[in-house]
Amino acid sequence: MFDFLTDPAAMGKAIVWFAALCTLGLYTILYRENVVFRFFEHIFLGLATGYAIYATWNDVLRPRWWTPMVAEGRWWWAFALSAGLLFYLIYSKRYSWMSRLIFAVFFGFAAGQAFQFFASTYFPLIRSAINNPVVGVPVPTAINNLLFIVILVSVMTYFFFSFEQRGGVARVSRMGRYLLMFAFGAIFGSTIMARMSLLIGRVFFLLDTWIRQTILGGA
Amino acid sequence: MGFFDRLQNIDRRVLYLLLILAVGLPLIFSAPVPAPAVLPPTRSFYDTVEALANDPVRRNKLVILSANFSSSTAAESLTQTDTVMRHLMRRKLKFAIFDFVDPQGRELAQQTAEKLQNQYGYVYGRDYVNWGYRPVGAAVPTVKAMVRDIPAAIGRDITNTPLTEIPVMEGVKGVNDIAAVIEVTGSASLPVWIGYFQRTGREPVPTLFCTTAVQGPEAFPLLKSGQLQGMLVGLQGAAEYEVLLKEPGFATRGSASLSYAHFLILALIILGNVSMLLSRSRSSGSGTGGTR
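Chains Z and B supply the protein sequences, listed in that same order. Anchor point for the first sequence: position 122 equals 122 in our numbering, and the numbering is continuous, going up by one each time. Anchor point for the second sequence: position 78 equals 78 in our numbering, and the numbering is continuous, going up by one each time.
Next comes chain Z alone, as it looks inside the complex:
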């Protein structure tokens, strides 16, 4: 009965069938909320979590912690476990103060990293935002740069909340708000494209991999 477990081709087909059933089961939510959807949702979450645990053990904990500690005589790696467990003391009323020790260490790391991150990420962006010549460049580039400057100034004006915006400033600010809406529209359009792409991926799997290749035996 379980011969297919040792046959790679049969196993491949069984995996495709299982994936197709999972896909169809998950798409039953399009009709309405139901127990089939919940069942397959839990299967998916269970698989993802199980695989994450395996990968964390295989790629990180075993080669970087367990093997050095147990097989290579570096016993002091055992202290890493107690340091890690300090995080969980946040759930104890009596000892929660000890979790602050390890949190403080990591806050320190993160704060230090933030300086490097800000400089290397935002300084080039700021520099490129300032450096937009409208003279001595081809006309299309000049128009593009001018447009960029106008949009940048308008949007930044919208975010001046330190004083009441009146007259010309208010008009520029309003324009900034409309321009932001253009940007949000573009992002929303891209989001639709992304969601359609995911649907296409699944429909292609059902039509091509499952029906054409597995059921009909196409090449």
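Read the hints as simulated data drawn from the structure, not as lab findings. Certain hints may be false.
[What the hints assert, rightly or not] Covered by chain Z, according to a simulated footprint, are these stretches of chain B (three or more residues, beta-carbon under 8 Å): (1) 9 to 19; (2) 24 to 31; (3) 128 to 135; (4) 204 to 212; (5) 250 to 259.
It should be emphasised that the depicted structure is a prediction, and the values quoted were computed from it without experimental measurement. By construction, the Cβ of each residue, glycine as well, lies at the ideal position given by its N, Cα and C atoms.
Got chain Z sorted already, so can you dock chain B onto it with the hints?
Quick look at chain B alone, frame taken from chain Z:
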């Protein structure tokens, strides 16, 4: 309820069915849609890889293929991985798969490499390696440590072999031995490379970005600032790359479905709005007082 009111209240299940037909039919029948136009970010992505392959010094360095995605964005991210990996293999560039967001990424990228390796004569260990997964909380310290000493920072590959014993890692020490970073992601993981790796060597490491369509608009400023040398946006970006590679595949076929799905959504938006306006004008014309 009048005709125009009914048009505004079509059952969502009918809309889903229409959408599945709009997506599925072009996949079954060859749809009359022109080949995707190649946009500048995709072109510069391709040109950057070509420039690496044509440079006698940089072509011997290692490309990091950062597979920071999961099966939930496979239609976009995995398709991008497939097309980009084909290009790397076609131009005989050495690469390392790495992942610090979701462990599924290292597995999906590995499966893609194994699928393609016979076609391009690639061998694991000799031409590419999989550094495996690191938890997202350890991403920044790991990437920072990689700047000086990659074998020490990564340790072992997914087969538990020390990196120092893997042929493809020969001569690869730190950031100056990296030809480029290709970040394939559906998450906000690109800043780790830009913030902690890109500008830490003798010269900036070319950074290429394969992003989901959701994140695409936010990344465009990074192209202008020179922090990105190229970008593939979603399934459409992968389709454009297939055009450049002259190897039409799933992305090209999916691109046609994408166009029809967008046509349908636009048609439904127009239909809904026109029927709403007509419904309102009829209500106000008959004196019953429609909502405004």
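Checked hints:
1. 9 to 19: With 3 residues in contact (Cβ-Cβ under 8 Å with chain Z), the coverage given for the segment 9 to 19 of chain B holds.
2. 24 to 31: Satisfied; 3 residues make the cut.
3. 128 to 135: With 4 residues close enough to chain Z, the hint holds.
4. 204 to 212: Not satisfied, violated; 1 residues make the cut.
5. 250 to 259: holds (count 5)
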